[in-house]
Amino acid sequence: MGRKREVLDDDKPKKGPGRKTKKQPAPSFKGLLGDDSPKKLSHKQKQRQKKREEKQAQKALVGAKRKATAVSNSRPSKKPKLLFDSDGDEDENLRSSDSEEEQMQDEYSEDDVLSDSEDKVVEQQNTEKSKKNEKATSSTITQKTKKQGKGGAKNKQAEVAASDSEDDDVKESDSDNDDDDDEDEDDSDEEMNVEKASQKMLKKHKQDEILAQEELMLNIRSQEKCVLPSGQEIEREAELPPDMAILDNRISHIRFVLGEFSKRREEGRSRKEYLDQLIRDLCARFNYNEFLMERLLELFPREIMDFIEANEYPRPVTIRTNTLKTRRRDLGPMLIDRGVNVEPMARWSGVGLTVFDTKVPLGATPEYLAGHYMLQGGASFLPVMALAPQERERVLDMCAAPGGKSSYIAALMKNTGLLWSNDANRERCKAIVSNLHRLGVINSLVTNYDGRAMKKVFHSFDRVLLDAPCSGTGVISKDEAVKINKDEKDILRCSHLQKELLLSAIDCCNANSKTGGYIVYSTCSIMVEENEWVVDYAIKKRNVKLVPCGLDFGKQGFVNFQQHRFHPSLHLARRFYPHTHNLDGFFVAKLYKFSNKIPGEENTKDKAEENGEDVAKSEDSETKGNNAAKVDIHQTKKQESEKKTPSIVKKKPLNKDTATNTPSNPKKKEKKKSIPDTNHIQSGKIGDGKMKKAGFLKKKGFKNKKKGKK
Amino acid sequence: MRPLTEEETNTFFEKLSKYIGENIKLLIDRQDGSYCFRLHKDRVYYMSEEQLKIGSSAAGESLLSIGSCFGKFTKSGKFHLHVTALDYLAPYAKHKVWLKPSAEQQFLYGHHIMKSGLGRLTEDTEQYQGVIVYNMNDLPLGFGVAAKSTQACRNCDPMTIVVFHQADTGQYIRDEDTLT
Numbered sequence: 001m002g003r004k005r006e007v008l009d010d011d012k013p014k015k016g017p018g019r020k021t022k023k024q025p026a027p028s029f030k031g032l033l034g035d036d037s038p039k040k041l042s043h044k045q046k047q048r049q050k051k052r053e054e055k056q057a058q059k060a061l062v063g064a065k066r067k068a069t070a071v072s073n074s075r076p077s078k079k080p081k082l083l084f085d086s087d088g089d090e091d092e093n094l095r096s097s098d099s100e101e102e103q104m105q106d107e108y109s110e111d112d113v114l115s116d117s118e119d120k121v122v123e124q125q126n127t128e129k130s131k132k133n134e135k136a137t138s139s140t141i142t143q144k145t146k147k148q149g150k151g152g153a154k155n156k157q158a159e160v161a162a163s164d165s166e167d168d169d170v171k172e173s174d175s176d177n178d179d180d181d182d183e184d185e186d187d188s189d190e191e192m193n194v195e196k197a198s199q200k201m202l203k204k205h206k207q208d209e210i211l212a213q214e215e216l217m218l219n220i221r222s223q224e225k226c227v228l229p230s231g232q233e234i235e236r237e238a239e240l241p242p243d244m245a246i247l248d249n250r251i252s253h254i255r256f257v258l259g260e261f262s263k264r265r266e267e268g269r270s271r272k273e274y275l276d277q278l279i280r281d282l283c284a285r286f287n288y289n290e291f292l293m294e295r296l297l298e299l300f301p302r303e304i305m306d307f308i309e310a311n312e313y314p315r316p317v318t319i320r321t322n323t324l325k326t327r328r329r330d331l332g333p334m335l336i337d338r339g340v341n342v343e344p345m346a347r348w349s350g351v352g353l354t355v356f357d358t359k360v361p362l363g364a365t366p367e368y369l370a371g372h373y374m375l376q377g378g379a380s381f382l383p384v385m386a387l388a389p390q391e392r393e394r395v396l397d398m399c400a401a402p403g404g405k406s407s408y409i410a411a412l413m414k415n416t417g418l419l420w421s422n423d424a425n426r427e428r429c430k431a432i433v434s435n436l437h438r439l440g441v442i443n444s445l446v447t448n449y450d451g452r453a454m455k456k457v458f459h460s461f462d463r464v465l466l467d468a469p470c471s472g473t474g475v476i477s478k479d480e481a482v483k484i485n486k487d488e489k490d491i492l493r494c495s496h497l498q499k500e501l502l503l504s505a506i507d508c509c510n511a512n513s514k515t516g517g518y519i520v521y522s523t524c525s526i527m528v529e530e531n532e533w534v535v536d537y538a539i540k541k542r543n544v545k546l547v548p549c550g551l552d553f554g555k556q557g558f559v560n561f562q563q564h565r566f567h568p569s570l571h572l573a574r575r576f577y578p579h580t581h582n583l584d585g586f587f588v589a590k591l592y593k594f595s596n597k598i599p600g601e602e603n604t605k606d607k608a609e610e611n612g613e614d615v616a617k618s619e620d621s622e623t624k625g626n627n628a629a630k631v632d633i634h635q636t637k638k639q640e641s642e643k644k645t646p647s648i649v650k651k652k653p654l655n656k657d658t659a660t661n662t663p664s665n666p667k668k669k670e671k672k673k674s675i676p677d678t679n680h681i682q683s684g685k686i687g688d689g690k691m692k693k694a695g696f697l698k699k700k701g702f703k704n705k706k707k708g709k710k
Numbered sequence: 001m002r003p004l005t006e007e008e009t010n011t012f013f014e015k016l017s018k019y020i021g022e023n024i025k026l027l028i029d030r031q032d033g034s035y036c037f038r039l040h041k042d043r044v045y046y047m048s049e050e051q052l053k054i055g056s057s058a059a060g061e062s063l064l065s066i067g068s069c070f071g072k073f074t075k076s077g078k079f080h081l082h083v084t085a086l087d088y089l090a091p092y093a094k095h096k097v098w099l100k101p102s103a104e105q106q107f108l109y110g111h112h113i114m115k116s117g118l119g120r121l122t123e124d125t126e127q128y129q130g131v132i133v134y135n136m137n138d139l140p141l142g143f144g145v146a147a148k149s150t151q152a153c154r155n156c157d158p159m160t161i162v163v164f165h166q167a168d169t170g171q172y173i174r175d176e177d178t179l180t
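Protein chains in written order, with full-length UniProt numbering: chain A, 1 to 710; chain B, 1 to 180.
Each hint should be verified, as a subset may be incorrect.
[Unchecked claim] Derived DSSO-like pairs: lysine-lysine, alpha-carbon spacing no greater than 30 Å straight-line: (1) B:Lys94 / A:Lys414; (2) A:Lys455 / B:Lys41; (3) B:Lys41 / B:Lys115; (4) B:Lys115 / A:Lys359; (5) B:Lys25 / B:Lys115; (6) B:Lys100 / B:Lys18; (7) B:Lys100 / A:Lys359; (8) A:Lys541 / A:Lys455; (9) A:Lys489 / A:Lys540; (10) B:Lys25 / B:Lys148; (11) B:Lys96 / A:Lys414; (12) A:Lys414 / B:Lys41; (13) A:Lys414 / B:Lys72; (14) B:Lys25 / A:Lys414.
[Unchecked claim] Only part of the chain B face toward chain A is listed, based on derived beta-carbon distances under 7 Å: (15) Leu64; (16) Ser68; (17) His80; (18) Thr84; (19) Asp87; (20) Tyr172.
Hint data in this document are derived by calculation from the structure and do not stem from the laboratory. Beta carbons: idealized from backbone N, C-alpha and C, even for Gly.
Next up, chain A with everything else stripped away, as it sits in the complex (with noise of 0.2 Å):
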């Protein structure tokens, strides 16, 4: 006990700061702990408050989780560690709760000692069984109780401190121990409450299992009742509404009978009947018509789900890099600048960059307007990779727009040489203009015609690219459409058309090209009809053998299929799946043209072979008369090819041209000594192989400068 002021003192003026400028405490709200107690508490009651809060939540979830564990006896058994349910980390959790366990129940008792009140004692024990208990069950109470327990040793520690030190300090400690005990008792109220709501809970909970397991064995019995339906029911059910739920369910379980028929069918059904039920079932549940399902379940007897589904979602959005303009390594970051997501395709592609999502439209970025990328699916870029178009070579794309596929065939021939893109719609050739203006592509030609003519306008190409149209059953995902809108005759009728594009195509490439002689052909669909059986034609009826497309992945095309029979070479196609790689389902195939023969037509072609090896001469003997020797091409083209001949004429002038200074590699002028109207190249100066590499290094070179100033 200190000294005290004396009374008298007051009279005297303070001296010191006013009592305005004394630290007031922090403003305090009654109830805002929930606490209505007239009582102010103290910090460590309060700490303590929140942690009982804390565990009457515990408690409450703990007996939900018991109810889970459906253990019987709601009695707590002396056995802690068999209540202990096999969550995770048991072992040494059990051990550590264990000993923390007889730890706090000593210091319980001996908080219990310490306090007044000896009745509670029994009560609080009881508790502390309980308790221990709950704590079995759950790790995370144990480690709320360990606290506690701390919680406990300090005050006590406090209390032992405090002992010899002043009165005041005695009865508030002695205080703190009354609280202490009031808490205990609130405790094992609210247990009461708990285990009885826990009851109550696991009384709601057992019922509930047993009508999950009538409705389980409910739904088994559907199952196993599935039968199919008879004509009736076929027809009862096709003006119903589909039901989604049953559909399901037949369909796995037709799927499942069909897994090993002669086991799990039922007596008298035959295999054509559950086919088509699950086709009918499909195409309700899916949209799709039937016959197409009908092809789709040929192709993928197991994987049909797969593949469905597949259908469902888009494909993951992809761009090409336009190596052009710009590399990979320089795009990701700056687009990842702009808020859009984006990581390197795959590992067979160096340009393809996966887009997962993008704060901007990725198609008006002004990187995208300047042409350092297209928007294109992964799918696209196989044909090209495919081809492998060399530098300084003339490439064919037959079937270009909107242009994805030919800027990537620019880029890969780093824009030397020829590249003539040619499409037979006119409002999608602009389309193919304005991609390959955007992406800098200057090597290039766009032309409108029917790709069955172009072998009369042009046919001495060293590589030639046939992205054919299609049906489109490869891109199902794109286009919904196509699930219903196709049928037989439009697959033949693709079929027709893809097997003339691609022999036209095989007559513009030049067997006799010292680089090339290759054709790719590609689709976007997956029906035989549109890719194994049009390739084979083109194989017995031109001098083409498949090769090895170059492609590491994708699947091998079929070599028999159904009724037909394949060359055996046609695994060397490939075929992609969107539920195997993630990409459109495409089929790529590559030929190599060893011949410019004509098989079945020798005598008439003798003097095109003449012809094949001169690109010039083809060109006039075309124009004369070699027109009269093929038959397949529609007389409004052959006007068209005839309009040629005053063309050539009309260049004649071109030596005027003032801004013309024409050199020509003098290899390629022995090549075409005999073109009538070259006089201009011959008055132009040398430009040989060297100066041309020095000159595309120069090229280069503006291009470094252009990006050293970033």
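Model the placement of chain B on the given structure of chain A, informed by the hints.
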């Protein structure tokens, strides 16, 4: 497809020289092969010798584009540069304008450039001089004509037009049909 006449060549080169000055020479006398300009359906195309040779086998009506399109002659005989010429103009550009990121989008939608959107400007740009427009990352966005000289730009209102818009890369999307 035919070579340009004397008159056409003059008009065309005059226009081109507004943007790249005497660098036109570099377009014609190239070390890496011979290149030339040809007129096809009122449009001027720039192409290599081989393209010209092979392209002439395509009939006029079916040939949509060959090489790069520089622009077109109007019916009244004037020449309009297209945005497709940007790839050739940008590397040789004499006078340049850099845009602030905020004004970038405005320009790409076809608006003129205000003083407020101007990031940088080449010194000694005269009035009505052809300028190439870049963004701050040195990405060419298009081209236009300086509405004011560099000097006049220094002390003018932020809302005055500094560069008249002529072509921008947004036209690849907006005017896809008229580019050919």
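Right, here's what the structure says about each hint:
| no. | hint | in the structure |
| --- | --- | --- |
| 1 | B:Lys94 / A:Lys414 | holds, 27 Å |
| 2 | A:Lys455 / B:Lys41 | holds, 24 Å |
| 3 | B:Lys41 / B:Lys115 | violated, 38 Å |
| 4 | B:Lys115 / A:Lys359 | holds, 29 Å |
| 5 | B:Lys25 / B:Lys115 | violated, 33 Å |
| 6 | B:Lys100 / B:Lys18 | holds, 24 Å |
| 7 | B:Lys100 / A:Lys359 | holds, 20 Å |
| 8 | A:Lys541 / A:Lys455 | holds, 16 Å |
| 9 | A:Lys489 / A:Lys540 | holds, 24 Å |
| 10 | B:Lys25 / B:Lys148 | holds, 28 Å |
| 11 | B:Lys96 / A:Lys414 | holds, 28 Å |
| 12 | A:Lys414 / B:Lys41 | holds, 28 Å |
| 13 | A:Lys414 / B:Lys72 | holds, 27 Å |
| 14 | B:Lys25 / A:Lys414 | holds, 24 Å |
| 15 | Leu64 | holds, 4 Å |
| 16 | Ser68 | holds, 5 Å |
| 17 | His80 | violated, 15 Å |
| 18 | Thr84 | holds, 4 Å |
| 19 | Asp87 | holds, 5 Å |
| 20 | Tyr172 | holds, 5 Å |
Hints 3, 5, 17, counting from the list given before, are not met by this structure.
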